[in-house]
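One-letter residues, chain by chain:
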Amino acid sequence: MSDRESDIRVPPATGDDGGGEVRYLSQSDLSVPTHQIVAPDGSYDAEAIPDLDDGELLDLYRWMVTDRVFSRRMVNIQRRGELGTFGSTRGQEASIIGSAFTLRPEDWLYVGRAWTPMFMRGASMTDMILFWRGIEEGQEAFAKHNSQIAISIGSHLPLVAGIAWGMHLDDADAVATAYLGDGATSTGAAHEGINLAGSLGLPALFFCQNNGYAISMPYGKQSGANTIAQKALAYGIDAIRVDGQDVLAVYDAVQSARERVKDGEPVFVESVTYRLDAHTTSDDPTRYREDEEVEHWEAHDPIERYREFLKSEGLWSEIDHDAIVEEIDAEFDEALAAANEMEERAVSEMFAHLYDELPPELARQLAEFEELLERRPEMYDYIEQRPKG
Amino acid sequence: MQATIVQAVNDALHTEMERDDRVVVFGEDVAESGGVFRATDELLEEFGSKRVVDTPLSEIAIVGGAAGMAMYGYRPVAEIQFSGFLPPAFDQLVTNASRIRWRTRGELSAPMVVRMPYGAGVRALEHHSESLEGAYGHIPGLQVVVPSTPADTKGLLTAAIRDPDPVLFMEPKRIYRSIREEIPEGEHEVPIGEAAIRSEGEDVTVVAWGAMMPPTLEAVEHGSVDAEVIDLRSISPMDTETVVESVKKTGRCVVVHEGPRTLGVGSEIVARINDEALMYLESPVERVTGFDTPVPLLSMEDFYFPHPPRILDGIEAALSD
Ligand SMILES: Cc1ncc(C[n+]2csc(CCOP(=O)(O)OP(=O)(O)O)c2C)c(N)n1
Numbered sequence: 001m002s003d004r005e006s007d008i009r010v011p012p013a014t015g016d017d018g019g020g021e022v023r024y025l026s027q028s029d030l031s032v033p034t035h036q037i038v039a040p041d042g043s044y045d046a047e048a049i050p051d052l053d054d055g056e057l058l059d060l061y062r063w064m065v066t067d068r069v070f071s072r073r074m075v076n077i078q079r080r081g082e083l084g085t086f087g088s089t090r091g092q093e094a095s096i097i098g099s100a101f102t103l104r105p106e107d108w109l110y111v112g113r114a115w116t117p118m119f120m121r122g123a124s125m126t127d128m129i130l131f132w133r134g135i136e137e138g139q140e141a142f143a144k145h146n147s148q149i150a151i152s153i154g155s156h157l158p159l160v161a162g163i164a165w166g167m168h169l170d171d172a173d174a175v176a177t178a179y180l181g182d183g184a185t186s187t188g189a190a191h192e193g194i195n196l197a198g199s200l201g202l203p204a205l206f207f208c209q210n211n212g213y214a215i216s217m218p219y220g221k222q223s224g225a226n227t228i229a230q231k232a233l234a235y236g237i238d239a240i241r242v243d244g245q246d247v248l249a250v251y252d253a254v255q256s257a258r259e260r261v262k263d264g265e266p267v268f269v270e271s272v273t274y275r276l277d278a279h280t281t282s283d284d285p286t287r288y289r290e291d292e293e294v295e296h297w298e299a300h301d302p303i304e305r306y307r308e309f310l311k312s313e314g315l316w317s318e319i320d321h322d323a324i325v326e327e328i329d330a331e332f333d334e335a336l337a338a339a340n341e342m343e344e345r346a347v348s349e350m351f352a353h354l355y356d357e358l359p360p361e362l363a364r365q366l367a368e369f370e371e372l373l374e375r376r377p378e379m380y381d382y383i384e385q386r387p388k389g
Numbered sequence: 390m391q392a393t394i395v396q397a398v399n400d401a402l403h404t405e406m407e408r409d410d411r412v413v414v415f416g417e418d419v420a421e422s423g424g425v426f427r428a429t430d431e432l433l434e435e436f437g438s439k440r441v442v443d444t445p446l447s448e449i450a451i452v453g454g455a456a457g458m459a460m461y462g463y464r465p466v467a468e469i470q471f472s473g474f475l476p477p478a479f480d481q482l483v484t485n486a487s488r489i490r491w492r493t494r495g496e497l498s499a500p501m502v503v504r505m506p507y508g509a510g511v512r513a514l515e516h517h518s519e520s521l522e523g524a525y526g527h528i529p530g531l532q533v534v535v536p537s538t539p540a541d542t543k544g545l546l547t548a549a550i551r552d553p554d555p556v557l558f559m560e561p562k563r564i565y566r567s568i569r570e571e572i573p574e575g576e577h578e579v580p581i582g583e584a585a586i587r588s589e590g591e592d593v594t595v596v597a598w599g600a601m602m603p604p605t606l607e608a609v610e611h612g613s614v615d616a617e618v619i620d621l622r623s624i625s626p627m628d629t630e631t632v633v634e635s636v637k638k639t640g641r642c643v644v645v646h647e648g649p650r651t652l653g654v655g656s657e658i659v660a661r662i663n664d665e666a667l668m669y670l671e672s673p674v675e676r677v678t679g680f681d682t683p684v685p686l687l688s689m690e691d692f693y694f695p696h697p698p699r700i701l702d703g704i705e706a707a708l709s710d
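The listed protein sequences correspond, in order, to chains A and B. Position 293, counted from 1, in the first sequence is what our numbering calls 293; the numbers after and before it change by one each time, with no gaps. Each position in the second sequence, counted from 1, maps to that position plus 389 in our numbering.
In isolation and in its complexed conformation, chain A is listed as follows (with noise of 0.2 Å):
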């Protein structure tokens, strides 16, 4: 009894009594610090550089230069009418590059805003236009790359604390990765998933790119916290915040995390970066903020700071930058016309994949309006002119 009676009399937290006195626990009591390697000014610390290879060193342009060229074709074709809307990463090439470099095949990945970390995994270009066009190819080539698009915002969360949970009990010698956004972290699914991972110990890393804005929404208004790094804290994870403009500091930081994470300790990291662009192609973001952000973070180009770090390593002149854009446009307008030569698809698809095996409602349902289209050839009148594909 008495065994049970001072376990009752729960002690301070830190071995800190707090004395007679009311004290306040506050957000400003921690300080958080920004990793940073590379500064605005493209100075850097040589110690601190990440041990990457030339070649390695190089790949990282050449990935940041992918992800500005494919946002700036797909905007352009979704101008023309090609896909339904698209979400332009414009600004977050280093958040996105640098922290994806670091994952290998093995581990799963559930992207929020960033699309070239599928590339990385072996997607193609084509299977990212047909997704944008709402066919489910593209879906199923993410898959078999251990990738996904979430697009209920926050609800990836709790799956990838699954999936590591599975590579918990597996001993698997892998990490889950949420990518998210700044918006994100107000979900509840969000706080569930991590705290689940903090609860459990599990091999999940949650890579939060705090880009500004969710939709029109600053960062500001999205919560009370200064940071979102330090609310990891409060679910009993580790962060780091690291400076989303600056790749290496970003593939330092995540590396680092993804070490970590292996072992068991989940780590959340928090990428400040801006959205250049609009939200998507369906967005004014006139509406709701001001030209001078824009320019200013226009000014502080992740793309340009890493050249300027190049040039010092003398890495530049190996780089032919108008060559990797050419050729980047190249593996772009071969992929539309892959894309672009999509057969018609049946009716069959929709009903496709929902169950391992088609239930006989389903099957009836089915046979029913294959056998309508047949009889009524004028319902395609009424199924309006799609996106090609």
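Chain B stretches covered by chain A per the calculated footprint, using a threshold of three residues with CB under 8 Å from any CB of chain A: (1) 417-429; (2) 439-450.
So the derived list for chain A, only partly shown, Cβ under 7 Å to chain B, looks like this: (3) G134; (4) I151; (5) G188; (6) A214; (7) I215; (8) Q222; (9) F351; (10) Q365; (11) E378.
Computed spacing ranges between beta-carbons, pair by pair: (12) S348(A) - E705(B): 23 to 29 Å; (13) E295(A) - E571(B): 41 to 47 Å; (14) S199(A) - G495(B): 37 to 43 Å; (15) S588(B) - E290(A): 51 to 57 Å; (16) G224(A) - T493(B): 27 to 33 Å; (17) T651(B) - H353(A): 15 to 21 Å; (18) E370(A) - E705(B): 15 to 21 Å.
Source of the hints: derived by calculation from the structure; they are not laboratory data. As the structure is a computational prediction, the values presented were derived from the model and not from experiment. Quick reminder that beta carbons are idealized off the backbone N, C-alpha and C, glycines included.
Please arrange chain B with the ligand on chain A, whose structure you already have, making use of the hints.
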């Protein structure tokens, strides 16, 4: 004033906010940017940042928060950006909003409105196309309203805001801007729970609502059938009487809805007809509905929902027996 459905939403909000300063509008992107569909345009400018509020990306807090605010005495009108994002907050509808009056034995209530665009056909991404009014209509204590015309949108939203109990207001986004008609200036109320007869006829009763109204009316015209077309307008409470009276007259019925067939609203309508007008039926009630599958991604979504030929096919089937 000539208005589209989305403008009618905006007009109703303006009018009601002016009339009652307890009306507070909130949701993701509703204030500064005026809503992704511009349904809340200009409200911030007119009513200020205390009554028009951009919330964090938090569906649970938006719906649960609305319930709490309503219990306290305000009249919250919350927006869920797309109906596909209501499911996280389903719990708040089931656990709180719909039960406050019941739980407190009438001491308190939650006079709140949750507005949201629903339905397929706008070429959006996953989770942007569903019509789950059947699932929401299943929640005791929650009213579910689906307008199909600009004037009704204004009238029903006004009624929803003034209603002493919670209302889920589902806006047919595919026809947000495709219909324009004269809507009454100033205050305009259309009672919840009353269906509208859109066209009178003798041979068959066709029941539809929301985004399914235009294709249903088109099918009826095309087929030159003498159909009585009923716009249900509210899923819960449901106007059984109007449907049953019509079926007693025509002896035949077709229900058209966009949501999945199984356990859909159509099933309930068939059951009510069986209860009250079985002996008047000359043929089985037909259902023309969405399929029991997720709404396909945008490249195939046009195959999913009923188009006029499919609706007409259902009407002819009902007439043929
Ligand atoms: C649960 C949910 N609610 C609302 C939306 C509509 N929506 C799409 S993206 C978005 C903002 C997302 O912001 P953030 O998480 O910061 O990611 P970002 O797009 O800025 O990378 C919103 C509100 C959604 N997709 N899911």
